[in-house]
Each structure stands twice: as structure tokens, then as C-alpha cells.
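Visitor: Fit chain B to the given chain A structure using the hints.
2 protein chains.
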Amino acid sequence: MAEFKHRVGIRGSAAQVYELLTTDTGLSQWWTTDTHGAGGVGSIIEFRFGGDGPDFEVIELVPNQRVRWRHSGDMPTAWKDSEILFEMYEDGKQTILNFSHYNWAQSDEYLAHCSTKWGVFMMSIKSCIEAGRGQPFPDDVHIDFDE
Amino acid sequence: MAEFKHRVGIRGSAAQVYELLTTDTGLSQWWTTDTHGAGGVGSIIEFRFGGDGPDFEVIELVPNQRVRWRHSGDMPTAWKDSEILFEMYEDGKQTILNFSHYNWAQSDEYLAHCSTKWGVFMMSIKSCIEAGRGQPFPDDVHIDFDE
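Protein chains in written order, with this note's numbering: chain A, 1 to 147; chain B, 1 to 147.
To be clear, the hints were calculated from the coordinates, so they are not data collected in a lab. Do not take every clue at face value.
Claimed, not checked - Here are the computed lysine-lysine pairs in the DSS-like style, where the Cα-Cα straight-line distance is at most 27 Å:
(1) A:80 / A:117
(2) A:117 / B:117
(3) B:93 / A:117
(4) B:80 / B:117
(5) A:93 / B:93
Same shape as in the complex, but just chain A (with noise of 0.2 Å):
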């Protein structure tokens, strides 16, 4: 199975972070402001850009150190049972996230593109803490012309 991952430092707290990924109100502010269901294990968040987008069931949290995420429904298709993990400590001065997006069925172009766009949504999630603002979709910052 393939998979990417990333890794940003913010200077912020662990909990500021675990904030940001573990409720609605936190994920609107960098992924998309249409986001929906964020709780605890077991709950599915809905994520939309413009109408579709993915579903994701809450599988795992250790409050202010990891949130484990599996892929729910069909969209996208490349995305079918994939997982998303979201790990966190802090350093002294500033939070390590550690990111990482695995059990693709194939390491295609479209991972390529998903690879570079979860590393904006990370330096979303840096700037959103340290600036007091993301750039969650539909004002997310742009990798090529399509989408």
C-alpha cells in the first residue's frame, strides 16, 4: 500500500492543535469551512468543497498526541479505505505534527497532488496558529489550474 506524509513545527501548544483537528469549529479554520460531525471515536466528519467531498470516521484519539482517522463512503474513489494520521508532541519550542495519509491502493499522480496539497493544508494549520488565520477552502491556496 502506498502512502505520504508530512511534518511541520508551530508555534502553538499540543492542545492548540489537537483543537484544530477534533472539532468542527477547529477544522473549518484549515481544511474547509464546510465541515461538519467532528466528536468523538466513532463519529464521521463530512468535509465539503463546493457541494461533495470526503467523509471520515474518527477511529482513534489520544487527547493533545494523536487522532486517527478511516476513510468513510466513496469520494473519492482513490481515497477508499485509506487512513489519516495525526500525531503531536511538543519540543520545547514549538509542537512537531507529524502527518501521514496511507493505505492508497496506488502511488499514482493523483497522490502526488493529494501530497502536495495535505502539505498547504499543513502550512494552514502552522498559519493558523501563528498567524490567527488559515486558508481553509474556498480560499486555499492553489497547486495547478484544475482544481
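Guide: Just chain B, lined up with the frame of chain A:
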């Protein structure tokens, strides 16, 4: 072996992208301003970031389509024996640039860091062509407080 990939779309020609990947002048506009040695197959490019930095040997060139480098020397250790491949094609409205850095011995936090940072430099290539100005070291976008 581990790897990571990126993909961006750039409003410009494949020839413009190829130029940025194969000449000292081009490379110094988006990765590091201290770049020397770019040339034909067999040339070794020295990329320096405030003193030290990696060397890469050019091992394949297909004009306006493909550029491949093999890591040379010892720095950074985790990049030993790794290769970087850039592939580009015009799709009518833009040039798609695919990137991969592969043959890593392990998939760890440093790989995740490099994945995010390469994504930032892909955006620097895009900006170089579309806005006339990239963000090479020492004015690169920082992704944490250790670099």
C-alpha cells in the same frame, strides 16, 4: 525503499520548467541561490545552504520532459543513494510537474520533513514562472523552527 511525491500545475511551458531544473541560473531561482555545476549528464550540481548542502549527479536528461539526479557525497546522510526525478508535460492550459524523491532507506520523521519542504519548493518553482519570483534559500518558506 521509501519515497515521496509531489505534483503541481504551472502556467508556463515545459521548456520554462526544464530550464529551471537544468541550469545554475534556473536552480538558483527556486531552491538555493548558492548553486553551481549544473550541466549535461554526468555533471555534479552543488547545492549549498549557508555553507553545506547536498550534491547531485545528473543521470538523465530528456529535454522538456525528464530530469533525473542521483545523490552524490555524504550530506545529508539520509539522502545517500537516493534519487530525484522530475517529469513534466503540457496539458493544454498548464505544464504538469511531477516530482519524486525515492530510494530512501527508511520512512521516518526526517523523510516527512523533507516531503513537506520539497512541496514548498515545488510551489517556489510555480511562483518563479507565474509571478516572476521564487523563494529560494535563504529566503525560503520555513516549515518549523529548527531549520
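Visitor: Given the hinted pair residue 80 of chain A and residue 117 of chain A, is their Cα-Cα distance within 27 Å?
Guide: 18 Å, holds
Visitor: Below or equal to 27 Å on CA atoms is what counts here, so check residue 93 of chain A against residue 93 of chain B.
Guide: 44 Å, violated
Visitor: Taking only the CA atoms, is the gap from residue 93 of chain B to residue 117 of chain A under or equal to 27 Å?
Guide: 20 Å, holds
Visitor: Need the status of pair residue 80 of chain B, residue 117 of chain B: alpha-carbon distance at most 27 Å?
Guide: Cα-Cα ~18 Å, so holds.
Visitor: Residue 117 of chain A and residue 117 of chain B were given as a pair; does the straight-line alpha-carbon distance stay at or below 27 Å?
Guide: 13 Å, holds
Figure legend: structure checked against the earlier numbered hints; the only hint not met is number 5.
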